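Student: Below are the chains, spelled out letter by letter.
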Amino acid sequence: MTNKSSLEMSVGLFLVLGLLSLSYLAVKLGDIGVFADDAYTLSARFVSSSGLTEGAFVEVGGVRVGTVQNIRVDFDSYESVVDMSLDPNIKLQDDAIASIRTSGIIGDKFVKIAPGGSDIYLEPGDEILETESSISIEELISKYIFESGDKE
Amino acid sequence: MRMMGVRLPLISLGQTSLAALEELGRMGIFFAVAMRQIFARPWELRLILQQIRFVGARSVVVIAVAGAFVGMVVALQFYDTLVRFGSVSMLGSAVGLSLVRELGPVLTALIIIGRAGSATCAEIGIMRTDNQIDALECMAVDPYRYLLFPRFIAFLVAVPLLTAIFNVIGIFGGWFVGVAIFKVSQGAYFQSMADTVLVSDLSMGVTKSIVFSVLIVWICTGKGFLMHLNQGMVFGAEGVSRVTTDAVVVASISILFADYIISALML
Amino acid sequence: MPSRPAQEDHTVVLNANGLSSFYGNRQILHDVSLSVAQGEIFVIMGASGSGKTTLLRHLIGLSTPNAGEVTLLGNPLSSITKPKLYELRKRIGVAFQGGALINSMSVIDNVELPLRQHTSLDDSTIRIMSRMKLDMMSLHDTENMMPAQLSGGMLKRAGLARAVVMDPQLLFFDEPSAGLDPVTSAELDELIIGLRNALRMTVVVVTHELESALKIADRVMVLAEGRIVALGTVEEITQSTDPRVQSMLHRQVRDRQPVGEEYLDHLTEEDDI
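In the order they appear, the protein sequences are chains D, U and X. The numbering of the first sequence is my numbering, which starts it at 673 and goes up by one. The numbering of the second sequence is my numbering, which starts it at 1112 and goes up by one. The numbering of the third sequence is my numbering, which starts it at 40 and goes up by one.
I should point out that these hints are in silico values taken from the structure, not numbers from a laboratory. Everything numeric in this text was worked out from a predicted model, so none of it was measured. Honestly, I wouldn't trust all of these hints.
[Stated by the list, open to error] A few chain U residues that face chain D, going by a derived Cβ cut-off under 8 Å, partial list only:
1) L1158
2) A1375
3) M1377
[Unchecked claim] Below, simulated DSS-like cross-link-like pairs (lysine-lysine); rule was C-alpha separation at most 30 Å, straight line:
4) U:K1294 <-> D:K815
5) U:K1294 <-> D:K700
6) D:K784 <-> D:K815
Backbone N, C-alpha and C fix where the C-beta goes; we use that ideal spot for every residue, glycine too.
Isolated chain D (complex conformation):
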């Protein structure tokens, strides 16, 4: 009898330990369930979203509040439309500014949203109208070289 219950005991303990580890990884690292339940979606148009990937972060004031869900091209305007999934606690005004930034010089691209001053808040599914596209380092460098060349 003790033999039998000790078998079930050790298997049970092992299963609990394993499942706890799995759910720790899923919740802590994979963010499963953190924004999934009641996250809302906003979109934004950029002239270029070069370097931005699905799964990139959305930050407000340097704090992560969501992720990029989907990036597609608007075939009429040839602009890039980025769908973002956001923490429902973050309310954004209709004059908020979305810009694509790089963490560090060679780091990942992310979307930074600067809050606006309007009284009207964006509803789920709305579009952020004020945007700044990603700045490419190559362009910056070539611009710098051209300008310094002009001066000489």
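Since the structure of chain D is provided, determine the placement of chains U and X on it from the hints.
Tutor: For chains U and X alone, coordinates are given in the frame of chain D:
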């Protein structure tokens, strides 16, 4: 005479590849028959539990110790590299990604081959040479249902869970080196890890551990179960030890091969 | 050689017709036929390498002969489906040479295994039935021991207990006396006769021990190099004039030397790869 010099290696090459092909075919049929036992009743619940205890519960300590040291050494190596770029705040993501995507699944699988896979192969091999498998057949007990299927289920359940345990312990091993010894900020360690490790990374790790578990149990039980069909097979203890060595080598290589394939497909 | 049904009962429970078997290019069995009647003890006798183990494996359906047909309790084995074969095997018992006990299970668990798998009896009934069979083999002290703790003779008897726990109609016994001392071996012979007399079991024994074969058998089949060299009652075998049977009866060294040219061929033979 000169002809013989060319012919003999060619002949042996042909024989070897034919034998390998034949074995692959047998292993394939073996796998299909074993998996078909999902539909066979009754499931031997008690045997499944015993096997989970053997493969899973009794491996936890080894996996935990291995996970801790692997996490620590990974953190040590990455710290030494990252500190040169002044990006030690990325330590958490480096440790997390390498554990979850590669080291956790692969090292857990390799440890389980050594600890449980080899023992399983030897056990089944001994049962084969000692006629115990024939005896089961003669008692009208299907060895696939009674002997092999519980082991398939046990590996399939235990290996992914052991991988998760390995990863979690490894992450805290990395925390110990990074945060407790090198004074990287604790927030940066966990935040950068949480930021970089995505669901897709986790699912890659889980996919790998599931595929690895199937490979281990398939190769280790199959090699033992079919050992009487091998060409030039040796009976008795020597035969079992040979087939066990063979199973460990083949299983380890298959895992590294499958690891590359899955990484290439999912990255 | 034609097989003759036993005198007392004419129901044939096991029949083999024209069995031939190959291992690679080597022929193990040459056209072996036999027939075993209900209630008899039939002994298949032969030296090691005579093909008797292969024959046994064909008779219980563990392997299929290259030619010929085995009919077990009225069912031809060549065309049988796996579920039907398993149904059939519930009615036969097989005791293997080394006992073949599952080494991860205690002796009593081994003996109980067929009952647990094939009957819906409750635990205490199963235990009682298994203990009865163990007691019959005088193994009552060993029920909680593991197979690794038992001696060779005990393993054989435990294997026999497991083989008869379902009260099979037909019992196969591989090498009951191999590797045993004369006393233990004689005890096993008594057990086999007892099983037949008490439970009306038909018993097929495969052995190389002449003494034990002549003691227990109703009929004996002598196998040499895959061929039947003699088949008949014990008296018929002992009175046989066949030189191979005679040499076996008098424990002479087998005369293997081929003659003249044949031997030269053997020496100069090339591997035909």
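Student: Confirm or reject each hint.
Tutor: Evaluation of the provided hints:
Using the Cβ-Cβ criterion of 8 Å, the hint placing L1158 of chain U at the interface with chain D is not satisfied: the shortest such distance is roughly 11 Å. Checking A1375 of chain U against chain D by beta carbon gives a least distance of about 19 Å; that is not within 8 Å, so the hint is violated. Against a cut-off of 8 Å between C-beta atoms, the interface hint on M1377 of chain U is violated, since the closest Cβ of chain D lies about 14 Å away. For the hint linking K1294 of chain U to K815 of chain D, the alpha-carbon distance of about 41 Å lies beyond 30 Å, and the restraint is violated.
Between K1294 of chain U and K700 of chain D, the direct Cα distance comes to roughly 22 Å. Compliance with the 30 Å bound is thereby established for this hinted pair. In summary, the hint linking K784 of chain D to K815 of chain D is supported, as the alpha carbons are separated by about 24 Å, within the 30 Å threshold.
Violation of the numbered hints given earlier is confined to hints 1, 2, 3, 4; the remaining hints are satisfied by the structure.
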